[in-house]
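Enquirer: As you go down the protein sequences, you meet chains A and B in turn. Here the first sequence is numbered in this note's numbering, starting from 1 and rising by one per residue. Here the second sequence is numbered in this note's numbering, starting from 1001 and rising by one per residue.
Some hints could be false.
Stated by the list, open to error - Derived pair list, reagent style DSS-like, types lysine-lysine, alpha-carbon separation capped at 27 Å:
#, chain 1, residue 1, chain 2, residue 2
1, B, K1383, B, K1448
2, B, K1444, B, K1384
3, A, K141, B, K1317
4, B, K1089, B, K1102
5, B, K1475, B, K1198
6, B, K1412, B, K1448
7, A, K252, B, K1383
8, A, K180, A, K355
9, B, K1198, B, K1239
10, A, K114, B, K1383
11, B, K1384, A, K114
12, B, K1443, B, K1412
13, B, K1317, A, K137
14, B, K1089, B, K1103
15, B, K1444, B, K1412
16, A, K72, A, K114
17, A, K181, A, K355
18, B, K1102, A, K44
19, B, K1089, B, K1059
20, B, K1059, B, K1015
21, B, K1444, A, K114
22, A, K353, A, K181
23, A, K333, A, K345
24, B, K1444, B, K1383
25, B, K1412, A, K114
26, B, K1090, A, K44
27, B, K1384, B, K1317
Said to hold, decoys possible - Here are some chain B residues the structure puts well away from chain A; computed CB gaps all over 12 Å:
#, residue
28, H1008
29, E1045
30, V1053
31, L1167
32, K1231
33, R1234
34, R1315
35, G1319
36, W1330
37, E1441
38, R1465
Hints are computed from structural coordinates only; laboratory data are not their basis. Think of the CB as a built atom: it goes at the ideal place given N, C-alpha and C, for glycine as much as any other residue.
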Amino acid sequence: MPRVLNMWSTHQFWCGLFGALGIDRRNLVFSADTSEEQGRQFGKGRGTVDCCYPVKCIAGHYGELVFGQREKLDIVFSPMIYTVPSMLSGHVARTLTCPRVMAAPENIKGGFIKERDVFVEQGIRYVTPFVSLDEPKLVAKQLFEGGLREAIPGLTPSEMARAVEAGFLALRAFNNSLRKKSREVLEWCARENRACLLVLARPYHMDPGIGHEIEGDLQAYGYPVLWAQYFPTDPDLLEWAFGEDLRAGIIKSPFDIHDVWPSSYSANTNEILWGAKVAARIPWVACVVRLSSYECGMDQPTYTPVQQIVERSGTLFFSFQDLDSTKPAGSVKIRVETITHYLEKYAAAIIEKKKAAMPPGCPLPSQAAEKGPSASLAPSTAGST
Amino acid sequence: MATATTEHYRAYSPKPFTRAERDSVTVVFGGLHWRVERVIQAVLENGGNKAEVLPVATKEDLLTGREVADIGQCCPTSFTTGNLVNFIKKKSDELGAEEVTKKYVYLTAGSCGACRFGQYHQSYELGLRNSGLGAFRMFLLAQDQLDQKAAMGDGLDLNLPMTLGCLWGIFCTDLVQDLEYQVRPYEVGPGQTDAVVKESVEYLYEMFRNRPRRDSWRSITWHLTSSYFTKALREIHRKFSAIEVDRLRVKPTVKITGEFYLQTVEGDPNYNIHRWLEAEGAEVYPAAIAVWMDYLLRLGLQRFEDYSGIERGARLKLGAGRVAQAIYRWNYARLRRAMGDLPHELPNQFELRRLAAPYFNSRLDGGEGDMLVGKALWSYQRKKAHMICELSPYSCMPNTMSIGAMAGVLGKYPEILYAPLEIKGDAEVHALSRCQMILTEAKKRAQKEFDEALAAAGLSLEGVRAYVDKHPEMKRATYRVPHGDAVGTAANLVHHVAQRLGRRG
Ligand code: SF4
Ligand code: SF4
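Same shape as in the complex, but just chain A:
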């Protein structure tokens, strides 16, 4: 499986699914993290169009799987993920993925079959089912008919359905465990009155080659880093954050982003907007770091609203746009230093100001509360998977 795009937010689903189908975990091979070298070595000459960086890199991942594995692979499995499960179901309209995310397997395939069919040549079956992961009723049928029936001889529809269930269970468990960890970080921050950072990005920015490890560099300075996608969704916390807006009728649920973003149809975009709203309300989130890839069309319309949502609340906002247009290592270092400098200088004041603006009854432990062992967990808890 290529370690690309929304595989980053759904890989536990696939592991759970194939596990339930009796495929040994050791037989599931993911390509490596994205790197320039990977692209150079395996993807060269197979790109089909000029497009955003995360999609362009897929050719390298495919190439690595097809040509770079020491063991022979039987199947390259690269689903076309049309929708993704999102914690924001309810008052957001849709959970679609970006058109490039969903179509990338078809697009990248073009480069591998244009002269001769590389998959056939290498004796590899290319399986690319179209799958709506936010419509659980459909998933088993889509996977079964979309190539798994042929790829796994003897597979029956009921086995498929059971495997899908196992996949969802695994994914849910994984997401919940990360959210729980994020909650612990937040509680630690509240207890210690310490600042944390929130990353607003697409799930695949957790890939070091796509996100350029910015959050890792920030963590090295001792600031816990949270990802919006794994922000805790516990009712007590959301009630505290959004209760006033709910009662005022501005939103219909804590997951409603209609007040800031009327066109909610893309899951990852919605999550970024929601993350911005959360950041504006949670005092200990003193800084937001926004990551955006080169030529990202989905992010473009969101730049201003996201920045405004965050900055209106007095939270620091730093945006890394067009991440890959130049080799960013040097500039990232300088910016990371700038961010930490600002944090040192202003974090305490920001937290105080934001606390004052929030209603009483914060469910996160106050400073007076007993200090627990989880404080030590904080710096190592980025949402990276």
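Fit chain B with the ligands to the known structure of chain A by using the hints.
Expert: This is chain B with the ligands only, laid out in the frame that chain A set:
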């Protein structure tokens, strides 16, 4: 460092446009081509509104669009944002900003689809705000939500008769445009076609403006059964018949495909590609809006196909949807018949889907999805065009995906003349010279095909010309040359003459 305020950020929400304002407020819209815009204006006026069409976007608009909204926009967003901002700015210079916000509202289409289309309003809003026109009222017409009153007020009553009016307006102007592009390259008197088209569109404007009003459901039956529109189209057919043509000019046929906005507009946003191709000696096969809507219907119904056997009622909905789509296509065919069956028919959506299937999944939406691939193969296999000119907007998301998949198609059919043009708005020379290179090939093919047709029929050009001269009805723009074995108009005419002469063409 930003200063904290207790007021959270909220999205732009315009003040409603009320019924009481109807007589004093003008509804502004645009983004299509002039024929259909003029007719939609008539539909809005027929519904009791004042309406104005935005001018065609220009390069200055592109620059404004880039300047006033967030970076990284697709080229159509830049054009349309700048277009709106410059229009409103100009009006504000004339009337003052306050007066403009009172007297004008802007109406634009939205979508719930996968691309940026449904987020244009975000750029518009930012553009207006950055230009000091933040109070201007702009409304998004969601394609999937018929009742817009809650969101925009009851100033514009977008009721069923009005929606049907827009739909029928699209059908009629698609047909006129299609015939226009078949005729102009061959007209004997330069400018004659343009004059007839202008006259025809004005005629349609009057017809739609004076369309009898029917209440909601009766309006559907009336639109489907009335001879009101077929009569109008017959009259337009008659106007076209006055144009003399010389179809023995050998020209390659170039099918326009691509992203919706770029294939629809005619002007700077697509380097005036239609007119440019004609000037370079091609016959253009334009993209009909009706085809796009037929595709949307197909796409919507695929959902029910997926749920068939999984959810109760899905099959029923699919059946009902298929009936609606059949009625849609039947109605287009009916109107086309009134134009002597001359404009191109709607391609069969299932055929397009089948052709594209090995290269692009039919469930992927955004842009033209698999239709983009399907149309290229269809044009080639069904001999509809010598060349495909694909208009791909700079920074478009879905379009780049479909075009990437075309690499697989071209690997299998290297003989397809396919010109994907990246449209940036300001890199015209590069795009057009690329197009010209492929067009040169297409011209050679058209000529070869013509020569072969003459040889097969044992005729000379002079011989065919003499025959046509003897049968002056064949010189009329409305004379129907059957689409035979050839792609090009001239070659098909030779086959046709050969057949009339009793030779095998
Ligand atoms: S969301 Fe942006 S970066 Fe991701 S695939 Fe789409 S365009 Fe590319
Ligand atoms: S289809 Fe492409 S060009 Fe058109 S709005 Fe969407 S992203 Fe922009």
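Enquirer: State for each hint whether it applies.
Expert: A quick look at each hint next to the structure:
no.	hint	in the structure
1	K1383(B) <-> K1448(B)	holds (14 Å)
2	K1444(B) <-> K1384(B)	holds (16 Å)
3	K141(A) <-> K1317(B)	holds (19 Å)
4	K1089(B) <-> K1102(B)	holds (14 Å)
5	K1475(B) <-> K1198(B)	holds (21 Å)
6	K1412(B) <-> K1448(B)	holds (23 Å)
7	K252(A) <-> K1383(B)	violated (55 Å)
8	K180(A) <-> K355(A)	holds (23 Å)
9	K1198(B) <-> K1239(B)	holds (11 Å)
10	K114(A) <-> K1383(B)	holds (23 Å)
11	K1384(B) <-> K114(A)	holds (24 Å)
12	K1443(B) <-> K1412(B)	holds (23 Å)
13	K1317(B) <-> K137(A)	holds (17 Å)
14	K1089(B) <-> K1103(B)	holds (13 Å)
15	K1444(B) <-> K1412(B)	holds (22 Å)
16	K72(A) <-> K114(A)	holds (23 Å)
17	K181(A) <-> K355(A)	holds (22 Å)
18	K1102(B) <-> K44(A)	violated (57 Å)
19	K1089(B) <-> K1059(B)	holds (16 Å)
20	K1059(B) <-> K1015(B)	violated (31 Å)
21	K1444(B) <-> K114(A)	holds (26 Å)
22	K353(A) <-> K181(A)	holds (26 Å)
23	K333(A) <-> K345(A)	holds (18 Å)
24	K1444(B) <-> K1383(B)	holds (16 Å)
25	K1412(B) <-> K114(A)	holds (7 Å)
26	K1090(B) <-> K44(A)	violated (50 Å)
27	K1384(B) <-> K1317(B)	violated (34 Å)
28	H1008	violated (6 Å)
29	E1045	holds (29 Å)
30	V1053	holds (25 Å)
31	L1167	holds (24 Å)
32	K1231	holds (42 Å)
33	R1234	holds (42 Å)
34	R1315	holds (14 Å)
35	G1319	holds (19 Å)
36	W1330	holds (31 Å)
37	E1441	holds (20 Å)
38	R1465	holds (44 Å)
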